[in-house]
Every structure is written in C-alpha cells, then in structure tokens.
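**Q** So the protein sequences, as listed, match chains V and R.
The opening position of the first sequence corresponds to residue 1 in our numbering, with each subsequent residue numbered one higher.
The opening position of the second sequence corresponds to residue 1001 in our numbering, with each subsequent residue numbered one higher.
These are computed hints drawn from the structure, not numbers from a lab.
Do not take every clue at face value.
What the hints assert, rightly or not - In silico BS3-like cross-links for lysine-lysine, where the CA-CA straight-line distance does not exceed 27 Å: (1) K65(V) - K1098(R); (2) K57(V) - K1069(R); (3) K1056(R) - K57(V); (4) K71(V) - K1098(R); (5) K18(V) - K71(V); (6) K1026(R) - K1098(R); (7) K1070(R) - K1026(R).
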Amino acid sequence: EAQVTQNPRYLITVTGKKLTVTCSQNMNHEYMSWYRQDPGLGLRQIYYSMNVEVTDKGDVPEGYKVSRKEKRNFPLILESPSPNQTSLYFCASSLGVPGLYGYTFGSGTRLTVV
Amino acid sequence: SQQGEEDPQALSIQEGENATMNCSYKTSINNLQWYRQNSGRGLVHLILIRSNEREKHSGRLRVTLDTSKKSSSLLITASRAADTASYFCAPWMDSSYKLIFGSGTRLLVRP
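Isolated chain V (complex conformation) (with noise of 0.2 Å):
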C-alpha cells in the first residue's frame, strides 16, 4: 500500500531531552516535508526536500534539524524540545512540487513536551 509513515505516534518528552520523528514513504516521491498544526494556527511548514541532500526551510524552522539521505526518509529531528513545540506533527510527500502533483500526508505525531 502507498503510505507515508510517521512514527511514534504519540510522544511525551522532557525539556531539553533530543528527539526524532521518523517519516518514510514507499512510493519513490521526490518531495517531502514537515508541518506542524496548531489550534488557531493552521497547518504551518517546518522544512521541505525536493530531494536527497536537498533541503530548506519552510516558515517555522526555528528549533528543528531534517535530514534527507536517502529518497525514502526524513527524520525530523528537535535537539532541545521545548513546551512551545508541543504540537501536531505531519509528514507529507509528492511525486514532485505538490502544487502539481498533490501532498500524501502521514497519520501524524501527536508531542507533548513538558
């Protein structure tokens, strides 16, 4: 089946304490990307990579690393989580840019930081 997939979940962490989100998609998508939603605030781009070792960021990069090694995966990674990144996050990808091609999302990480 044709899937992004996001894991963990759901995630509680401590302030401070690093973290990864996994993403993975099987269906050989160029583009990906991390966006976070938020009550009020919509849905809001983290980063974006239109393809391996290709990366940039979106409007809120502050306080988030990715990674793009290889065309299937990219981690997003929080090396100090802090409570006002505790949010909803998505991972999505596209054949190409998604304005032509249309977004796949993950089911999504629910994190709390405390």
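Assemble the complex: chain V is given as a structure, and chain R must be docked to it using the hints.
**A** Frame of chain V, contents of chain R only:
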C-alpha cells in the same frame, strides 16, 4: 503569500443536505487544491482544479474556481455523517515551492 482562507470557519448540517465551503486567495494562481482532514489525522487530497478550469467533479464533490474573484468553492452533495471533517484549500503558484494551507472549515454532518 498565496495562502487560502476558508469560509465559514464552521458549518453544521443535517445528513442528506448539501455543504458548501468557500476559499478566497490574494494572488494569481496556477491551480488550487482541496484537502480533507478527519479529526487528528493526516490530510487527504480531494481534488485539484487548474486555473483554466471553471468546474470539476469527483463523485459527490464539485469544485468551482473563479479566478476573476480569486475564489473557489467546494460543494459536497447529499452529505453523510462520514463527511464530518475539516476541509482545507491550498492555492498554488508555479513560482513557489511551498503549498500553504489555511485554517480550514470544520464541517459537522448530523445523522
């Protein structure tokens, strides 16, 4: 920014009725997409309409685009309880590499 703004923010209808959601945007676009999000889940791509198209259908969905008014509408006919979700529009310009989403319309279909 080519972010879309959905209207209304929330909509409650009876099963079997039609639901209409609107999207407005500010700049010229090349196409516009609609997505659905069930509570807490990932968004699902519904339909893409190009700037040279005025109307597009997919099952019970009908999307219109009026580029002169910079607006689009999503009509769901004969709604079902399973259509309860949030709906987002995402306008797109070819010069951009980002797809920006608004805050969505929350649709509740009462059985």
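**Q** Regarding the pair K18(V) and K71(V), is the alpha-carbon distance no greater than 27 Å?
**A** holds, 24 Å
**Q** Is the straight-line distance between the alpha-carbon of K71(V) and that of K1098(R) 27 Å or less?
**A** holds, 19 Å
**Q** Does K1026(R) lie within 27 Å of K1070(R) when you go C-alpha to C-alpha?
**A** holds, 7 Å
**Q** Are K1026(R) and K1098(R) close enough, with their CA atoms no more than 27 Å apart?
**A** holds, 16 Å
**Q** For a C-alpha distance cap of 27 Å, please report whether K57(V) and K1069(R) respect it.
**A** Roughly 31 Å between the alpha carbons, so the hint for K57(V) and K1069(R) is violated.
**Q** Checking one constraint from the list: CA of K65(V) to CA of K1098(R), max 27 Å. Satisfied?
**A** holds, 18 Å
**Q** Assess, step by step, whether the Cα of K1056(R) is no farther than 27 Å from the Cα of K57(V), and give holds or violated.
**A** Judged against 27 Å, a Cα distance of about 33 Å means the pair is violated.
In this structure, the hints that do not hold are numbers 2, 3, in rising order.
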